[in-house]
Amino acid sequence: MSESAAAPRVWKKPPFIENPALRWGLIIGFTVYFILAFASMDINWIRVYEGLDRGLKFVLSFMKPDFISRGGAIFEGIVESLVMTVAATVVGLIMSVPIGLGAARNISVLPVYLLCRGIITVSRSLNEIIVALFMVAIFGFGPFAGFIALAFASIGFLAKLLAEEIEGAEKSQAEAVRATGASWMQWINYGIQPQFMPRLIGLSMYRLDSNFRHSSVVGLVGAGGIGATLNTAFDRYEFDTASAIILTIIIIVMALEYSSSLIRARLQ
Amino acid sequence: MLRLENFTKRYLTGDLAVNNVTLEIPTGQVVALIGPSGAGKSTLIRCINRLVEPTSGAAILDDINLTVLGSSALRKARRHMGMIFQEYALVERLSVMENVLSGRLGYVGFWRSWFRKFPQSDIDEAFRLMERVGIADMADKRADALSGGQRQRVGIARALIQNPKLLLVDEPTASLDPKTARQIMRLITELCAERGLAAIVNIHDVALAQMYVERVIGLRTGEVVFDGPPEDLTPEVLTDIYGEEDWEATIEEVEENGEEIAEAVA
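From first to last, the protein sequence lines stand for chains A and B. All residue numbers in the first sequence are consecutive under the working numbering, ending with 268. All residue numbers in the second sequence are consecutive under the working numbering, ending with 1266.
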């Protein structure tokens, strides 16, 4: 018991940033920046107050959705969006596989790697809407432009995550297949593909429902689908129809998300 | 049958993993390669089938110098070298049958392998081998559903279906319990005897090696420091390979085991 008389030794978790000057400098710096940034926003509170009133009217008119009077247009828009979504996901998936293989450092050679990473970077740095604007300018209004825009964006997303999955693949399994005298294609098919397949299917399912969400946005810039229908409804101040469209989009997104999560849970 | 001449591997970091190894292994001989971790055992066997590129020297398998082969000739040559791995290295999400048949990839074209349409002779041989190594009726199980011992049996079948002349075996028992380890070692040596295969077996367990092989090669920092029959492994030799330690227990154990085996055979 006599040892317990010794002074208790204190222990504290070492700070994340060890240098105190740097640590406090960063904390104070960020605080000051945040205050200055907020102050620079120049908010007109009277305008905000008036806007609240307008917003309430808006919300109220949304309370009674009208599925009937423009039912045909809504149905057509949804079908167009779904076609666009499925086509864009499938094409994006097919094109992303070779690019993803090329962009995985552990199975690719440097020139191919750089090329594929380049394609991915371009695809990912351009937002769907920006691509859609270009495509509308090239191909004219309509779902074809939307399809191209979504497929283009899907390539970057799927290829990047596929490449990362391949880079994390277990080396020993691939090595064992290589040691049998397999060709490169056989090696990918037997040693690599089984390792990335569940993830690729999961990602494609996820991309399918996010493409549907994006399809309603690219429609706003003229690339067809339910977004175009929504845009028209807003232009005509038919908020009840717009409300019906938004509700439909929400229901479809929920259904897609639920089914994709079911499929992903069953994969292993 | 296999001849290594001044075989050397220097990693980009400058580490000399395999240092000027010269040795010859005749047809049908099973050799244990022992040595401390980091002695270059794994690197040495991976340099033979060029999963790791050797820096200099030659590895000659039946008059073919493996170190100078182009990629297509190398693939052909790899078919004659079956490899068995420490952590089994099965493709986890493929079935047992697909794993075994993957040993035939060097012999069949891409589309056949893609559609899993292997020649009937390969399928027959796969079933025969699965029975021989003791995993009959497991053809359609996924590899990750098997126990360690069963997985290593799949690994052995995959190596043998290549119809190899040489087996490169990397720590086949390191992740197995002592009983399974013995069964696997026995299976490997029996199969080598049945088929007249030469084998290089990297192994940590000196006692186990002594029980099953006819020749032991000791590697230390990439150099051969011992080459002889297992009986010649004295405490002095083991100290030379691994460093100072009390080796009597290890060797005694071997002698007891030796008797055990003699009894079992009789």
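Treat the hints with caution; some may be incorrect.
[Claimed, not checked] Below, simulated SDA-like cross-link-like pairs (lysine to any residue); rule was C-alpha separation at most 20 angstroms, straight line:
(1) K1117/B - K171/A
(2) K1076/B - S183/A
(3) K1179/B - N1163/B
(4) K1117/B - Y1107/B
(5) K171/A - R1050/B
None of these hints come from the bench; they were simulated from the model.
Hinted pair K1117/B and Y1107/B, Cα distance within 20 angstroms: holds, 13 angstroms
Next pair to validate is K1076/B with S183/A; report whether the Cα-Cα distance is within 20 angstroms. Within the cut-off at roughly 10 angstroms; holds.
Restraint status (C-alpha distance of K1179/B to N1163/B at most 20 angstroms): violated, 28 angstroms
Given pair status - R1050/B, K171/A, alpha carbons within 20 angstroms: Between K171/A and R1050/B the Cα gap is close to 15 angstroms, so the pair holds against 20 angstroms.
What's the verdict on K1117/B and K171/A, does the C-alpha distance respect the 20 angstroms limit or exceed it? violated, 26 angstroms
When the structure is compared with the earlier hints, violations turn up for hints 1, 3 and for no others.
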